[in-house]
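Undergrad: Fit chain Y to the given chain D structure using the hints.
Residue numbers (this note's numbering), protein chains in the order written: chain D, 1 to 312; chain Y, 1 to 300.
If you're looking for bench data, these hints aren't it; they were derived computationally from the structure. Glycine residues also receive a C-beta, built at the ideal position from the N, C-alpha and C atoms. Treat the hints with caution; some may be incorrect.
Covered, in the sense of this in silico footprint (three residues per stretch, anywhere, with C-beta under 8 Å from a C-beta of chain D), are these stretches of chain Y [claimed, not checked]:
| hint | segment |
| --- | --- |
| 1 | 39-47 |
| 2 | 118-126 |
| 3 | 145-158 |
| 4 | 175-183 |
| 5 | 279-285 |
Computed from the model, here is a short list of chain Y residues facing chain D with C-beta under 8 Å [what the hints assert, rightly or not]:
| hint | residue |
| --- | --- |
| 6 | L60 |
| 7 | Q255 |
| 8 | I273 |
| 9 | M275 |
| 10 | I289 |
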Amino acid sequence: MKEYLQKYVTLRKHNFRVAVKKAKRAKMCYAFLAPYAILFTLFYILPVCSSIFFSFTYYNILESPRFIGLQNYISLILQDDIFLKGVKNTFMIAVITGPLGYIMSFLFAWLINELPRWIRTIAVVVFYAPSIAGNVFVIFSVFFRGDAYGYVNALLIEMGLIDAPILFLTNPDYMLPICMLVILWMSLGMGFLSFVAGLQGVDRSQYEAGCIDGVKNRWQELWFITLPNMKPMLMFGAVMAITQSFGVCDVTMALCGYPSTDYAARTVVTHLFDYGFSRFEMGYASAIATMLFLVMILCNKAIQSLLRRVGT
Amino acid sequence: MSKKRKEAKREKQPRHVILKRRQPNRSRVGDFFVYFFLLLMAVAMVFPLVYAIESALKPLDELFRFPPSIFAQNPTLDNFSDLFVTMGKSWVTFSRYIFNTVFITVVGTFGHLIVASMGAFVLAKYEFPGGQTFFKLVTVALMFSGYVTSIPNYLIINSLGWIDTYWAIIIPAFAMPTGLFLMKQFMEGLPTSLIEAAKIDGANEWRVFSGIVMPNVKPAWLTLIIFAVQNLWNNKAATFIYSEEKKTLVYALQQIQSGGIARTGQSAAVQVIVMAVPICIFILSESQILETMASSGLKD
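Extracted from the complex, chain D is given alone in its bound form:
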């Protein structure tokens, strides 16, 4: 045992020495990476670590942080009803818009793939534009306005389906579905572009080979040829979709107000903003952020291991 340990230590030492030597030779590389690495550490790694640290403390910026153990998490889960509502809403939105948006991105990318080049270009612009148009989704608040001048209300009244206008954006029953609709409208983002580009890169001759080998219809073609070829893009798209669907807050804040009626459109991120930037309970907000971080990472890992099985 001792001998084994000694060998292990010498091996480690040797490896370390080799690494140092290599690092000395690669000084230029570190110099190139340094600006990015410093900024990345400062604005991504350090915040995550300090967020985990602050989540175990009571911190309100004015006083220095006071260690309180798991108290923040306990009160989050056991006492904060609004947080649980936010979690429920976020999960509802994530579970519905995440996969649906992802499938939509892939479906549209797949369907426009065989169109002639110029039509494809127009289609890409049309489908991608909503997600980069920024704040334009507030136009939906005109469509769904609560009085009879809102277009959806007016249409429904004219058709005789309802007598009185529905308060779409203040009635808790309608808030979430409308937010989901708007999020879906904007969900063809970076993942969609990745899919379009990836589909273009699939070798055409594979389809012919597949046809000869007995692929009968488009679905088989999709499952046996296209999807396995697209695996890296599918992973990238999934990461983008998950990150976006758990971080939803812009749309709900702009359409349903902040805070929304009866907290019906509260999400985890709006709850985080509420505690972090309105009440300055940074420790409590950090606990929310840490939980959100863990959920995002775990969900991403789970989906990735699921996607690895595609086409096998």
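TA: For chain Y alone, kept in the frame of chain D given last:
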């Protein structure tokens, strides 16, 4: 002559058949339904955008006409000129908001491009201890959204003394992980022999980077630019910036929109200004962006 033509014709026929077989497993009816569905979806996707543009062009009486028309009957640019008049009256002029956003976007995008591609270059083309680990960290950073880090970020920027300055938005934007990720993936496709050849010719690393690598990855530049612009242009930055004269365009847009029903036309005009820039850049650089995205896959 005619014999030759006939032969050519005979040769052409089988080729024609092959061409038809190129798209196996497709039926006309299926295609029709698929493209009809796509067309419907495209109209649904583009409708809100078209509506936003059209309402910016509508004169006041048309804006409130009921039932509404999608297209303006007498299109005017009054809303835009009104906007400048209203905003000219407030003590922060509208052009100042535009300047703020443009300044933040341009500086942030430029810095991000340089910093991220320098990092991506060594990560893609050299092997050194810690490089792979660092890249893995970057891919993990792709997996959570910026909201998670918003509170510690605020504290860090506060301790750096950047609150209420442009730097609070610009500097963190330099380190966006998507930019480095896409750039690195694209640079991996660059032949290593190119770099070696330059080195043999006596170029140092900086020269290789600025003279050889960067000109060859122009499609990836545009991709980085569009994503950075999209991020910065739509940045409200409400938590970092308090003084009125430093607020961004999107923030001003929200203020106008909360001005109520009398400002409907003007807020539509602002909306068009805000959305026009990223969409235009995207349209102009679409093919290059797709070229970069082809290497965007996440391998494990």
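Undergrad: State whether the coverage of the segment 175-183 of chain Y by chain D holds or is violated, taking the criterion as 3 or more residues with Cβ-Cβ distances under 8 Å.
TA: That given contact holds, which follows from 4 residues of the segment 175-183 of chain Y lying within Cβ reach (below 8 Å) of chain D.
Undergrad: Using Cβ atoms only, decide whether Q255(Y) comes closer than 8 Å to chain D, and label the hint accordingly.
TA: Violated: closest Cβ of chain D sits about 12 Å from Q255(Y), beyond 8 Å.
Undergrad: So, I289(Y) near chain D? Judge it on the closest CB pair being under 8 Å.
TA: Holds, about 6 Å.
Undergrad: Holds or violated: L60(Y) as interface residue toward chain D, Cβ cutoff 8 Å?
TA: 15 Å, violated
Undergrad: Under 8 Å between beta-carbons, do enough residues of the segment 118-126 of chain Y, three at least, approach chain D for the coverage claim to hold?
TA: Our answer is that it holds, as 6 residues pass the Cβ test (under 8 Å) against chain D, meeting three.
Undergrad: Taking 8 Å as the C-beta cutoff, is the stated coverage of the segment 39-47 of chain Y by chain D satisfied by three or more residues?
TA: This one holds; 4 residues, not fewer than the three required, reach chain D with a Cβ under 8 Å.
Undergrad: Counting residues of the segment 279-285 of chain Y whose CB is closer than 8 Å to a CB in chain D, do you get three or more?
TA: holds (count 3)
Undergrad: Please verify that hint: M275(Y), Cβ, nearest Cβ of chain D, below 8 Å or not.
TA: Hint holds; M275(Y) Cβ to chain D Cβ min 4 Å, cut 8 Å.
Undergrad: Take the segment 145-158 of chain Y, compare each residue's beta carbon with every beta carbon of chain D, and decide whether three or more fall closer than 8 Å.
TA: holds (count 12)
Undergrad: Hint I273(Y) vs chain D: min CB-CB distance below 8 Å?
TA: 10 Å, violated
Hint compliance for this structure: hints 6, 7 and 8 are not met, and every other hint is.
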